[in-house]
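Just so you know, the sequences run in chain order A and B. The opening position of the first sequence corresponds to residue 1 in this note's numbering, with each subsequent residue numbered one higher. The opening position of the second sequence corresponds to residue 1 in this note's numbering, with each subsequent residue numbered one higher.
Note that these hints are calculated values from the structure, not bench results. A portion of the hints provided could be inaccurate.
Said to hold, decoys possible - Straight-line alpha carbon distances no greater than 27 Å define the calculated DSS-like cross-link-like pairs of lysine-lysine that follow:
#, chain 1, residue 1, chain 2, residue 2
1, A, Lys1, B, Lys83
2, B, Lys57, A, Lys42
3, B, Lys83, B, Lys9
4, A, Lys1, A, Lys68
5, A, Lys42, B, Lys70
6, A, Lys42, B, Lys14
7, B, Lys83, A, Lys42
8, B, Lys57, A, Lys1
9, B, Lys57, B, Lys70
10, B, Lys71, B, Lys57
11, B, Lys14, A, Lys1
12, B, Lys9, B, Lys71
13, B, Lys57, B, Lys83
14, B, Lys83, B, Lys14
15, B, Lys71, A, Lys42
16, B, Lys70, B, Lys9
17, B, Lys14, B, Lys57
18, B, Lys9, B, Lys57
Said to hold, decoys possible - So the derived label-pair ranges between C-beta atoms look like this:
#, chain 1, residue 1, chain 2, residue 2, range
19, A, Arg61, B, Gly40, 23 to 29 Å
20, A, Arg55, B, Thr116, 40 to 46 Å
21, B, Asp38, A, Gln54, 27 to 33 Å
22, A, Ile7, B, Leu11, 31 to 37 Å
23, A, Ser59, B, Gly16, 42 to 48 Å
24, A, Asn18, B, Asn18, 35 to 41 Å
25, A, Pro112, B, Ile60, 22 to 28 Å
26, B, Leu96, A, Gln111, 31 to 37 Å
Just so you know, even glycine gets a beta-carbon here, dropped at the ideal spot from N, CA and C.
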Amino acid sequence: KQEVTQIPAALSVPEGENLVLNCSFTDSAIYNLQWFRQDPGKGLTSLLLIQSSQREQTSGRLNASLDKSSGRSTLYIAASQPGDSATYLCAVTRSGRRALTFGSGTRLQVQP
Amino acid sequence: DGGITQSPKYLFRKEGQNVTLSCEQNLNHDAMYWYRQDPGQGLRLIYYSQIVNDFQKGDIAEGYSVSREKKESFPLTVTSAQKNPTAFYLCASSLLPGQGATSFSPLHFGNGTRLTVT
Numbered sequence: 001k002q003e004v005t006q007i008p009a010a011l012s013v014p015e016g017e018n019l020v021l022n023c024s025f026t027d028s029a030i031y032n033l034q035w036f037r038q039d040p041g042k043g044l045t046s047l048l049l050i051q052s053s054q055r056e057q058t059s060g061r062l063n064a065s066l067d068k069s070s071g072r073s074t075l076y077i078a079a080s081q082p083g084d085s086a087t088y089l090c091a092v093t094r095s096g097r098r099a100l101t102f103g104s105g106t107r108l109q110v111q112p
Numbered sequence: 001d002g003g004i005t006q007s008p009k010y011l012f013r014k015e016g017q018n019v020t021l022s023c024e025q026n027l028n029h030d031a032m033y034w035y036r037q038d039p040g041q042g043l044r045l046i047y048y049s050q051i052v053n054d055f056q057k058g059d060i061a062e063g064y065s066v067s068r069e070k071k072e073s074f075p076l077t078v079t080s081a082q083k084n085p086t087a088f089y090l091c092a093s094s095l096l097p098g099q100g101a102t103s104f105s106p107l108h109f110g111n112g113t114r115l116t117v118t
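All chains should be built: construct the whole structure from the sequences, respecting the hints.
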């Protein structure tokens, strides 16, 4: 059974810092990995999707990497801003299973 | 604008009553999903559907039922058999390979329904 773990569970940083969020998964047979943002009481917004054949994806200040063999992904946020404060979740689509398995998220607080 | 609409945003029910959560999408997506989120936890898959009139159980389907009579709609019924129904319920949709996507596409989520059962 696929398990997805995110470390740390919570993170507080001052504005302007670069930061890294970690995601690990137990079964490397995945189709893709996605990073999402969730604001309190809201649904999820997809930030980046990395196909299993790719090593990284970039969107603005965000960069996500994927190392399938070691079962790890990182989300790098450059020059963090208070508006980045949210919970960030990673999720994987397993081979042969057309639905995502989610981690429990990292709650990020960027202090002005 | 295209998107996913979940209603209502808040729902209160007495224990022992069935309740149906609505999910509608106008994105022309074939695949639709229901997830449950408990405080401080990730999302857990309840049911998903890849085509009209067909759906599959997810990891925690017990006590729930769904229907997919139209492509745009995927309602979830929380039955009295669900032991801990109080939670935040999220509906999502996506393209499938062959539907204009080279592989699985990003999930689009609704804003959720918070169900409280007392």
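Just to be careful, I want the Cα atoms of lysine 42/A and lysine 70/B compared with a cutoff of 27 Å; is the pair within it? holds (25 Å)
Hey, lysine 83/B versus lysine 14/B, does the alpha-carbon distance stay inside 27 Å? Since the Cα atoms of lysine 83/B and lysine 14/B sit roughly 13 Å apart, the hinted pair holds (cutoff 27 Å).
Quickly compare the C-alpha distance for lysine 57/B and lysine 1/A to 27 Å and report which way the hint goes. holds (15 Å)
Check the hint pairing lysine 57/B with lysine 70/B against an upper bound of 27 Å on the C-alpha distance. Holds, at about 18 Å.
Between proline 112/A and isoleucine 60/B, does the beta-carbon spacing fit 22 to 28 Å? violated (39 Å)
CA of lysine 42/A to CA of lysine 14/B, is that 27 Å or under? holds (24 Å)
The hint says 31 to 37 Å between isoleucine 7/A and leucine 11/B; measuring C-beta to C-beta, is that right? holds (34 Å)
Assess, step by step, whether the Cα of lysine 83/B is no farther than 27 Å from the Cα of lysine 9/B, and give holds or violated. holds (22 Å)
Quick one: are serine 59/A and glycine 16/B within 42 to 48 Å, going by C-beta? holds (47 Å)
Quickly compare the C-alpha distance for lysine 1/A and lysine 68/A to 27 Å and report which way the hint goes. Within the cut-off at roughly 16 Å; holds.
Tell me if the beta carbons of aspartate 38/B and glutamine 54/A are separated by a distance inside 27 to 33 Å. With Cβ atoms ~32 Å apart, the hint holds.
Pair hint outcome, lysine 9/B versus lysine 71/B [Cα-Cα no greater than 27 Å]: Holds: lysine 9/B and lysine 71/B sit about 22 Å apart, inside 27 Å.
Comparing the model with each numbered hint stated earlier shows that hints 11, 24, 25, 26 do not hold.
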